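Below are the chains, spelled out letter by letter.
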Amino acid sequence: MIERLQQALAWRWRQVERAQLWLLAGLTLALLPHIGRLPWLLILPAALLLGWRLGFELKLARLPPRVLRWLLVGLALAATWASYRTLFGQQAGVALLVIMLCLKLMEMDKPRDVAIVIGLSYFVVITVFLFDQSLLMGGYMLLVVTLLTTALTAFSRPGATLPERANLRLSATLLAQAAPLALLLFVLFPRIPGPLWHLPSDAGRAGTGLSETMSPGNISRLSDNDAVAFRVRFAGETPPQDRLYWRGLALTSFDGRTWRNPNEARRGLGAPRSFDYTAIGESVHYTLTLEPHQRRWLFALDMPASVPPGSTVSADVEIIADNSVKTLRQYSLQSYLDYRLDAGLAPSNFAYLRLPPGMAPRARILAQQLRAESRDDADYVQRVLDFIRQQPFYYTRQPPLLLDDPVDEFLFDSRQGFCEHYASAFTVLMRAAGLPARVMTGYLGGEDNPLGDYFIVRQSDAHAWSEVWLRGRGWVRVDPTAVIPPERVENRDDLERIAPAYAARTGEAPDWAKRLWRNVDYGWDRVNNTWNQWIIGYDEGTQTAFLGRLGLENVDWQRMVSLLFIGLGLVVAVIALQLFRRRPVRRDVVAEAYARFCRKLARRGLPRKPAEGAQDYSMRIIPSRPELAAQIQHITLLYQRLRYARSMPRDGLRHLQQAVRRFRP
Amino acid sequence: MKYIDMLMRSLSGQRRTLGSFTLRQRLSPTRFLRGEGPEVGPVELHQRRVFILPTRQGLLFAAILLLMLIGSINYDASLGYALTFLLAALSVVAMLHTYRNLLRLRVDIGPAEPVFCGETLRVPVTLENPAGQARFAVSLHFPEQPKAVCDVPADGWVRVELPLSAKRRGRHALPRITLATVFPLGLFRAWAYAEFDARVLIYPRPARATPLPRDSVWQTDLSGDRGQGADDFAGLRNYHPGDPPGHVHWKTLARGQGLHTKQFGGDHAEELWLDWQATAGDAEMRLSILTRWVLEADAAHYRYGLRLPNQTLPLAHEPAQRRRCLKALALFNGGESP
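Those sequence lines, one after another, are chains A and B.
The first sequence maps to residues 1 to 665 in our numbering.
The second sequence maps to residues 1 to 338 in our numbering.
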């Protein structure tokens, strides 16, 4: 029974037009990365339609009639609308493209339909790149493109009987020949700084990393997401790890549970304000390559002296880009590790002092008590830090949930938490004593990649700290997490981050497996970094720099285009020469050697007659030159064997050539 | 001296540039549309006769590429650029491959068996591939006729029977053959024309079954074998060109007595004159009826002759007689066309 079923299936399988299979395989693989990004309401019908087409090719199903097709189109539109409440925008557009492409499979019988489907399948590949441009995805999509191209070759050869491997080889050959041209285009095609029109608001994927709210006590577990947030290359010496505070977003308003960034709503409205900013000491130069996080804020080493092009700075010294970061973004900055910010003027509004009424009563009492004991504001800050150091506060990634009053419960009951808890509680204590304060979020530290000259900052390096305004000193960065004694830090990785010096002193050497794994990890990160720098981050600036390194300084786009065309012409000419080359007429070395022999005899007055065979010739001339008989016979025999013997004598050709060379009649 | 002569000729513009064409001839748009005019085969499709343009699918592909480029610019997606450029380069490479797929193919035709008007001629076309790589999916067709598609192996040849529907009786010049290919990606179509200096013969369309003119049948020789069997040996006669080789009496030739043809007597030994005068209707109608009669008389193994207003074919019964008569009918009065 099963055997018969197998036979029947095998028979149907042989009937399928191979081109259709290539196309279905390519399209399915192109759609796979969209699973999870598109709603199931659309993914499932798309899968169903692909299966339907396969069933049709296997002669197991019929295609739907026209009425049903239109009905399906209506349903697809409805499902898209139901999922996104719109048919436009990036996400809905991609969803609509995918589902309509699968519907097109239901009426793909003419060559024109096939061309549309394959062309749009290539387009699906590009929509995947809007979400993920990693090296692995690039490699995967190259495979998909090869399959789709194979479908094209198969369709241009209907009814071909050759094995399908030949088709695959053909498309791979075509792509390989196209590669140098594509490379040239990639390098020399003038990069136009986008976007051409306003990007849809939903462009890109959901962001990871920092958010503009922070609710310590709500999350009972800090994720240890190892994804790379950004990479940094320092121009000069690398500052010590515990000074690498990567400034991100300021959270200033607190409702008792949640800290918020108040600027989000009115961002970009006000003109950038000027700062009372004094730099102290040496500056640090660095280039930062930011992974797309779909938000508008950029990161900079505390405290940046300028902002990258295409961004502005907010009142809280956050760098806000004009558009959200949807692709890899690279910028060079200069920062001062020591600075005075707004030292001369007190913060103009009371937002930095505001606390929700009735919240954290015990903390307020503690603040008043400590403030009363301290000489001045700076002393108060020190006393609060001492409080944290001396009381049994622990650093843990899995703190208990804080349900009623997170600040009080943390400060007096649980005393376990991570940076958010400490920053929040510290800032509340500052405000309770009348000191302007805010929570800063960003990243701390980073790891040096020994295999490449750069720093990796990961999402797990996310950090929160406080800034307090002190008279005469301006905004001062205070990191309450840093004062926790190392022995009260639960996790070794956290210790390395918070107290690197202590960790280095006490740490045991990692075993070889860990070291190996770390090196593999660094190596892979380096490959990715190179990929990001040269492929993903290849924009106007990189292009100019790269051409400069090739010795083409100050290339404007007109010259770039003419260079591009010259280069394209040359490469096409080389490929064309290769393809259109006439086969060289193969030299007949045996005949050439024998002809030399005949010429030598002809010079002695014994030419071969036009129709005379080698055997007859030798028989005729030997009587007139009996002293050469042995040589003539030897050469004639060699020639005959090379020409007519079933198997080639070993080194026969060389012997013949040698004998002819030595033959001196 | 020779070189000076060549130089002078080239300066005076007499020398034909690049083979057999002057520049003006090469650039003439009529070549693009009509080809080179009739030639004697084989015709090699060198680069001056192979044309190439994008197909509709190619234009569609270009439009999609443009969309992809705009998308890449807008979203600043580097891999989008890379994909767009890879596909653009792919189409350029495909164009070269399409062109090569036709280039230097040698085309020749063989004689086509005559058919009756309304039937389909099968013109044998040979494609020879002198190159080291195979040609795939080369399509050939006469204007407005169905296509034949074939692959040509490397260093090999292939023979296809190209259909050509016979529309008018007579002897006609073979129309131009179009060879085309969209291999390997279907984005470009390369094509070339081959027009041969050859003619095909089309017999008139046989009329619907018409009874033979019985009154003109003479039963002259009743000594013919009326027994069973088809062809009985009846004797020898001198060889005429066109006699089938199977009927040649090789033994007499071997004895040095010259070529003789064996003659066979049929079941019938009736003689029949097929006469223009015995038919009615317009000229084409009469030719149709006569064609039908020739076929019937031949099938019935009569000895028959054909009387046309301008021509008389004597009584005979041999395979060549049918062909002779049909040809005469095909060419009667204006059957010849340039």
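It should be emphasised that the hints constitute simulated quantities derived from the structure, not laboratory data.
Incorrect hints may have been included.
[Stated by the list, open to error] With a straight-line Cα cutoff of 30 Å, these simulated DSSO-like cross-link-like pairs (lysine-lysine) come out:
1. K262/B - K167/B
2. K110/A - K147/B
3. K167/B - K147/B
4. K147/B - K104/A
5. K147/B - K262/B
6. K59/A - K110/A
7. K147/B - K59/A
Quick caveat, the model's predicted, so the values are computed rather than measured.
Structure-based check of each hint:
no.: 1; hint: K262/B - K167/B; verdict: violated (38 Å)
no.: 2; hint: K110/A - K147/B; verdict: holds (17 Å)
no.: 3; hint: K167/B - K147/B; verdict: holds (18 Å)
no.: 4; hint: K147/B - K104/A; verdict: holds (28 Å)
no.: 5; hint: K147/B - K262/B; verdict: violated (44 Å)
no.: 6; hint: K59/A - K110/A; verdict: holds (18 Å)
no.: 7; hint: K147/B - K59/A; verdict: holds (28 Å)
Hint compliance for this structure: hints 1 and 5 are broken, all remaining hints hold.
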